[in-house]
Amino acid sequence: MLKFIINIILFLVFIPTFSQEAETEEVYKDRYGIRFGIDVMQPIYSLFDDKKNGLEIVGDYRITKKLFIAAELGYNDTATYEDFYNFRTNGSYIKFGVDANVYKNWIGMENLIYAGLRYGFSVFDQTLNEVQINADPFLPPQTLPESINYNSLNASWVSIVFGIKVEVLHNVFLGFSVSGNKLISSKEPENFKNLFIPGFNKVFVNSNGYGFNYTITYLIPFYKKDH
Amino acid sequence: MKINKNLLIPFSIIMIFLSCEKDDICIEEITPYLIIRFYDIDSPNNFKKVANIRVELAGIEGFYEDDELTIKPLTDSIAIPIKVTDDITGFKLTISELDVDDNLIDNQDNFELFYDRENIYVSRSCGYKTVYNNVTFQLEDDNDNWVKEMEATESPLNITNQTSAHVKIYN
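If you read the protein sequences in the order shown, they are chains A and B. The first sequence begins at 0 in numbering that gives the first Met the number 0 and counts up by one. The second sequence begins at 0 in numbering that gives the first Met the number 0 and counts up by one.
Hints may be right or wrong, so weigh each one.
What the hints assert, rightly or not - Covered stretches of chain A (chain B as the covering partner; in silico rule of three or more C-beta atoms under 8 Å from a C-beta of chain B):
#, region
1, 78-86
2, 124-137
3, 190-201
4, 204-212
These are computed hints drawn from the structure, not numbers from a lab. Since we're looking at a predicted model, the values are computed, not measured. C-beta: ideal position from N, C-alpha, C; glycine also.
My request is simple: use the sequences and hints to build the entire structure.
Structure, rendered in structure tokens:
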């Protein structure tokens with residue numbers, strides 16, 4: 000009887016030893032997936048300034064630890080007022096390219112500070128209004144009565160982009176970026192000029208331009224890979 | 000926080016390269032003026048200054064003045080604006096000259112300018128200018144013209160810029 004009790008006690012003492020597992024090391028794995036969202040700067044701008052309207056959808060897809068394929072797609076309808084005329088530009092655009100993350104995240108974080116390149120293309124219309132001929136003020140002024148429509152114009156450009164994306168909630172990112180644009184080609188209207196291009200924004204004399212972007216995006220992770 | 004330092008120099012170079020050029024001041028040539036040079040009828044290759052010239056345009060009140068840039072007490076050339084609202088402009092040029100009794104009197108001569116207008120885009124801040132093509136003119140004979148002869152400097156005459164005179168007046 001005593002032998003039985005001692006065996007039971009010994010058995011019970013050793014059970015915890017047998018059930019104790021070897022501790023495995025937790026390895027962090029990078030999440031790969033698609034992130035998409037919208038630019039919120041345009042809609043908010045439109046509330047205060049009815050001369051500008053537009054919407055831009057943004058997205059990116061991770062291909063390596065540091066590289067993402069990125070794209071922006073949008074439309075824009077903007078009225079520009081100059082001293083001697085005004086015009087309205089409306090059309091849509093697409094930009095795509097690559098972003099490279101140069102920020103070394105702490106383990107578990109997925110923020111980005113990135114530099115990227117884009118190729119952009121836009122198809123748009125221009126409407127030229129209220130042209131007043133620029134001549135000596137002694138003369139009676141001449142304002143051209145009719146508006147002129149220029150349809151199916153297009154343009155293409157390259158951009159360099161710098162930006163940040165910060166994960167503020169699980170899978171939700173806030174982003175801000177700045178882009179410098181350089182026009183490559185454009186179909187110009189006759190006896191006028193593309194002074195504004197959707198996606199490129201104001202065209203300066205040397206065919207350069209810039210843009211801002213403030214985005215909210217959501218990440219849908221597909222798989223994980225070793226860090 | 001660690002950022003790749005290798006990016007800093009390329010970033011700065013690229014930002015300088017991509018700087019945007021300001022274009023909000025109109026510096027290009029806009030609608031050109033009619034440039035008239037005065038020559039001596041007795042010696043056609045020489046300039047002859049006119050005294051106290053006053054310029055009026057038909058249908059517009061007041062004398063045209065340009066702060067003595069060309070319209071001066073004694074001048075051998077003037078630059079005057081041409082209407083952009085019509086294809087005809089009437090000009091009235093009045094000068095002071097001495098009559099037979101050596102009194103200073105005014106003498107007004109009129110002529111009309113006929114042309115085809117063309118509107119051309121210049122730049123963002125300048126907008127559009129008008130140039131005048133196929134310009135012809137008709138001098139009014141009032142039996143006392145101080146303008147003896149009018150001649151275009153080229154044929155056909157197109158007034159598109161300010162580089163040289165468009166019309167010669169012999170007086």
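Query - Hints breached by this structure - result: No numbers; nothing is violated.
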